[in-house]
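Chains Z and L are the protein sequences, given in the same order. Under my numbering, the first residue of the first sequence carries the number 2, and numbering increases by one thereafter. Under my numbering, the first residue of the second sequence carries the number 760, and numbering increases by one thereafter.
Don't read these hints as lab results, they were simulated from the structure. Each residue gets a CB set at the ideal place from its N, CA and C atoms; glycine is no exception.
Restraint ranges, calculated between C-beta atoms of paired labels, are given here: (1) L:GLY761 <-> Z:GLN112: 14 to 24 Å; (2) L:PHE995 <-> Z:VAL37: 34 to 44 Å; (3) L:GLN996 <-> Z:ASP152: 26 to 36 Å; (4) Z:TYR115 <-> L:LEU846: 24 to 34 Å; (5) L:GLY761 <-> Z:GLY220: 28 to 38 Å.
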Amino acid sequence: MNKIAVIDYGMGNLHSVAKALEHVGAQLGQQTEIVVTPDPQLIAAADRVIFPGVGAIRDCMAEINRLNVGRIVRQAIETKPVFAICVGMQALMGRSEENGGVDCLGIIEGQVRYFGDALKDDLGQRLKVPHMGWNEVEQCRAHPLWKGVPDRSRFYFVHSYYVPHDEDSIERGVTGIACYGKEIAAVISRPNLFATQFHPEKSQEAGLTLLRNFLQWDGQE
Amino acid sequence: MGLAKRIIPCLDCENGRVVKGVQFVDIRDAGDPVEVAKRYCDAGADEITFLDITASHEGRETTVHTVEAIASQVFIPLTVGGGIRTLEDIRAMLNAGADKVGINTAAVTNPDFVRAAAERFGSQCIVVAIDAKRVSGPDEEPRWEIFTHGGRNPTGLDAIDWARKMVEFGAGEILLTSMDKDGTKSGFDLALNRAVSRAVQVPIIASGGVGSLEHLAEGILEGEADAVLAASIFHFQEYTIGEAKDFMAQRGIEVRKI
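Given these sequences and hints, build the entire structure.
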């Protein structure tokens, strides 16, 4: 039995991610049990953990702090594979520029920045914010979760704030890069942690493959 | 290479059944929204929009179950519109597995609803649907106004100002339908689309009037839309999503190939 806990801290729709996990679990022929819960004991008892997040970072961090989710996530990363999604990934960073500046969990070093109102592509064309839709992800580092996912596959993004990709960020764990006016961290990983800015549960085959690999991942990079 | 322009098929549903006839010859039940949504997803649709035209309260319960069933099998973004009037309506649809909700009439009658919805659920899931009609004469500077109830009721609101206001209130995306063009198969109102797209920072979905693949490409290249929505050209199998993407790619538009 593969027990997956999806951490529910009251922010947004967890139905999609739970359904996607059920779907890939069934594809693997695995006995998979998905629990959507804020309960630290149930999360501690799970084999793997999903740390989702949508909406504004201030509201997310308020609930994360109120329910002591930071401690739960830290403990989980020490002991078992954790997959963080979208604002879940941003919440792992040191600080976000959103909502006038919000301290985040500081599990990963670095800042979350705003795309800006005057974002342009290489040709000087205006880019809309939020960054919404299907963008390519370059696999800048090998990783077991990339197995069966062609390099530069497209994933579904929706966000206005991003983690920058810069020259030393691969050392800091950037594993996938996307480009939207600037280079952004699409995936950050380390042992027991795979964090994506995009939504794997909404990214059809490429996203489902990542989740399928996650269900089999031993946490080693 | 960067962000792909999106193609979004739209399903009109009433009491849990697809209406405005989807005509897939090789589908078991063309009235089943789950089968149709799955079909489009497999064919490469970038998102699905589900427009609920059910009037009765009981019927809306069915809609929630339909959304649940689609969301259990279709792993691309799903927008649900039609009859969204309260925060409770939004919560019900998001809990059922919708990723975004479309707000139309309720935004016009109570703009603060959009603000409250974006604050509670985040702008990323709030799509404001705007139905606009050209009100200027042929020799005048073009001007469009917002109409409700399928284009019957004028509101006196200027479409461009309205779009700006909705974004300021927290809309994360605009679904823009030309009531002049809807159902005509003569192409989008490109001037309207361009004007709204330039006026706001958020993505625009062009809707209303698609009759050919050329129209889809025009919507992006001339209408400056970020996504194009179409119903009948896909439902009646005039074109597949794959053909639409190949055509757009030939025009130099970036699309997601599967």
